[in-house]
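In case you want the letters, here they are:
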Amino acid sequence: MKWLSDATVEHLRQAADWPDTGGTRYDAVESLAQGGMGTVYVANDRLLGRAVALKVLHGPDPGPEATARMLREARIIARLEHPGIVPVHDLGTLLDGRIFYAMKLVRGRRLDQHLREGLPLAERLRIFERICEAVAFAHAHGVIHRDLKPENVMVGAFGEVLVMDWGVARWRSEPEAPPADASPAAEPPGAPGGTAHGTILGTPGYMAPEQERGEVDRVDERADIFALGAILYFLLSGQAPRRAVGSVSDGSTWTRPGPGGPLPPVEPPRRLQKDTPRPLEAICLKALASAPADRYASVPDLARDVSSFLAGGPVKAFPEGPLLRVRRFYLKYRTPILLIVAYLLMRTVLLLFART
Amino acid sequence: MSDGAVAGRFPMTRHSVLLAAGSTDPEVRRRAFETLVTAYWKPVYKYLRMKWSLLDEDAQDLTQAFFAVAFEKGYLERYDPARARFRTFLRTCLDGFAANQRKSAQRLKRGGGAQVLSLDFAGAEGEILHHEVADGLDLDEYFRREWVRHLFALAVEALRAECARSGKLGPFALFERYDLDRPDTGERLTYARLAEELGLSPTQVTNDLAWARREFRRHVLETLREISASEAEFQTEARALLGIEPR
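As given, the protein sequences belong to chains A and B, one line each in that order.
Under our numbering, read the first sequence as residues 970 to 1325, first letter to last.
Under our numbering, read the second sequence as residues 2 to 248, first letter to last.
Incorrect hints may have been included.
[What the hints assert, rightly or not] Derived lysine to any residue pairs resembling SDA-like cross-links, with alpha carbons at most 25 Å apart:
no. : chain 1 : residue 1 : chain 2 : residue 2
1   : A       : 1255      : A       : 1311
2   : A       : 971       : B       : 30
3   : B       : 52        : A       : 978
4   : B       : 52        : A       : 996
5   : A       : 971       : B       : 199
6   : A       : 971       : B       : 161
7   : A       : 971       : B       : 190
8   : A       : 971       : B       : 187
9   : B       : 169       : A       : 996
10  : A       : 971       : B       : 74
11  : A       : 971       : B       : 124
12  : A       : 971       : B       : 26
13  : B       : 52        : A       : 1108
14  : A       : 971       : B       : 167
15  : A       : 971       : B       : 170
16  : A       : 971       : B       : 71
17  : A       : 971       : B       : 140
18  : A       : 971       : B       : 119
19  : A       : 971       : B       : 223
20  : A       : 1073      : A       : 1000
21  : A       : 1285      : A       : 1098
22  : A       : 971       : B       : 57
23  : B       : 169       : A       : 992
24  : A       : 971       : B       : 233
25  : A       : 971       : B       : 227
26  : B       : 52        : B       : 161
27  : A       : 971       : B       : 186
28  : A       : 971       : B       : 102
I should point out that these hints are in silico values taken from the structure, not numbers from a laboratory.
All values reported here derive from a predicted model rather than from experimental measurement.
Same shape as in the complex, but just chain A (with noise of 0.2 Å):
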């Protein structure tokens, strides 16, 4: 019997769970990354001769509910065309039963990835807007993603902003049941939104509250608003969202919640970063707010704060008093306001230098 080296069963390993795509228009050419559900892989889509992104569930035999899941996420994302969404080109079944769908190949970084650059503040909202694009344009459609993180926005070469895996997202309200002849496997009951109460799924420092507890017909799209929070104390503080007593965000040391206990509110950010503005900071704790009530009403809302203190606007989650009111209009205004003071000063002395 031959005798494997370590490499050799590693590969092994590999290869095994390679797809095999025979009977498809598709070659997997490499491994781009592994989830929860399953690998995506760059692959070569002979008929239309172009890279594209492979998504296959894992082996080996995955079930009808992983099945059911990665169906849904295939049909949600066809249905959500938006430049802010990366289309679904195909949908498909492999040999050995799994099924895959094929979607626009993202040449590109995560967003946390892409932070480490060290990015200015306005390029940073910029990106945050157009995640609240994507989001709000899913919303209209009845999709809640309930996963939003960084991880799961990619920035590609040319600056184009996507979220990603819709993989635990669920409709608003449940759709029609999707045509018998329409599906490689059939869903299961209930399938559209795929979730019993009690099942958390999401990202720990990312999942709004209700989320956390497992709170199912409570999750609505105001928890992506809280998770869109959590993504805009990232972009300003570096990290997710850290309560200000107990812990949670890094995933391993996640306490979670007891049943309908009241979670201590979430650390400023300015505690971690000293030169966080202030109306930036209301914005985000408002996002993040407990209950879902506190929050934003919807994500237009959110991203409209952000645009209007890009811009230099009135933020309506921070509340200004007279002085503040004329602080800002001065740093919208300083280079006019500047203009006009020397100029009245110049007149002035100018005056006094004609009586003398």
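Using the hints, position chain B against chain A.
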């Protein structure tokens, strides 16, 4: 939608060897015994050599005796899937067995132990001698690693035999060249170059390799299913072996 057909799904009907081990039919029990010994003897032998520092002949006797006693005394029937994986249970039994042997100083008489199957101990010994174990390696992890290596090697041999039977020597030669030998040499080899080297078309190489890998995978999963105590354990082990470990 692509037109890939659903075919070649995993064997779902084979009975676990652990169920068969408790059968009243002696023939069923014998086959279960053989299956289990075939799947585990080499990691058991190596583990005894490494952890218990036994001489090769003592480890051979203890390996044979362990399986014989485990079946005779019904050790395996005590396995509770809720508490641990079968592999872990087996290793714990093995430690207990080896400890008892040492404690009671009842060393099995050389050559007089239960010689139940013809096993290639010389080959296993050669592997120990020629492939050093890293210092500080956890021996539980060593047992798991050797078990995976042995399981894959069995699947490779099964594939070799299948190819010889069905006259598919070409696909096996490709598999051997690309998937068995190349990882050790680190050679960068594209399908196109391999096709040129062997006078095949790249499509032929792609198809043959896909077939061989599919069959290799099938052999691994068949053995794994047989020696898993439950469907859940099979799924977990299969993911750990061929996919990613569920976290």
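Inset, instruction - Sort out whether residue 227(B) lies within 25 Å of residue 971(A), counting only the CA atoms. - result: Holds, at about 22 Å.
Inset, instruction - Decide if the proposed pair is consistent with the structure: residue 52(B) and residue 996(A), CA atoms, cutoff 25 Å inclusive. - result: 45 Å, violated
Inset, instruction - Would you check the hint for residue 971(A) and residue 74(B), treating anything up to 25 Å between C-alpha atoms as holding? - result: 34 Å, violated
Legend entry - 25 Å Cα cutoff - pair residue 169(B), residue 992(A): Holds - the C-alpha atoms of residue 992(A) and residue 169(B) are around 21 Å apart, at most 25 Å.
Legend entry - Restraint check for residue 971(A) with residue 190(B), where alpha carbons must lie at most 25 Å apart: 22 Å, holds
Legend entry - Restraint status (C-alpha distance of residue 971(A) to residue 71(B) at most 25 Å): 28 Å, violated
Legend entry - Restraint status (C-alpha distance of residue 971(A) to residue 161(B) at most 25 Å): 11 Å, holds
Inset, instruction - With a cut-off of 25 Å on the C-alpha distance, tell me whether residue 971(A) and residue 223(B) pass. - result: Distance ~20 Å between residue 971(A) and residue 223(B) Cα, so the pair holds.
Inset, instruction - Measure nothing beyond the straight line between the CA atoms of residue 971(A) and residue 167(B); if it is 25 Å or shorter, mark the hint as holding. - result: Judged against 25 Å, a Cα distance of about 21 Å means the pair holds.
Legend entry - Distance restraint between residue 971(A) and residue 170(B), which requires alpha-carbon spacing of 25 Å or less: Measuring from Cα to Cα gives roughly 17 Å; hence the hint holds.
Inset, instruction - Take the C-alpha atoms of residue 1285(A) and residue 1098(A), compute the straight-line distance between them, and say whether it is at most 25 Å. - result: At roughly 16 Å apart (the allowed maximum being 25 Å), residue 1098(A) and residue 1285(A) satisfy the hint.
Legend entry - Pair hint residue 971(A) and residue 26(B), alpha-carbon separation not exceeding 25 Å: 35 Å, violated
Hints 1, 2, 4, 10, 12, 13, 16, 24, 26, 28, counting from the list given before, are not met by this structure.
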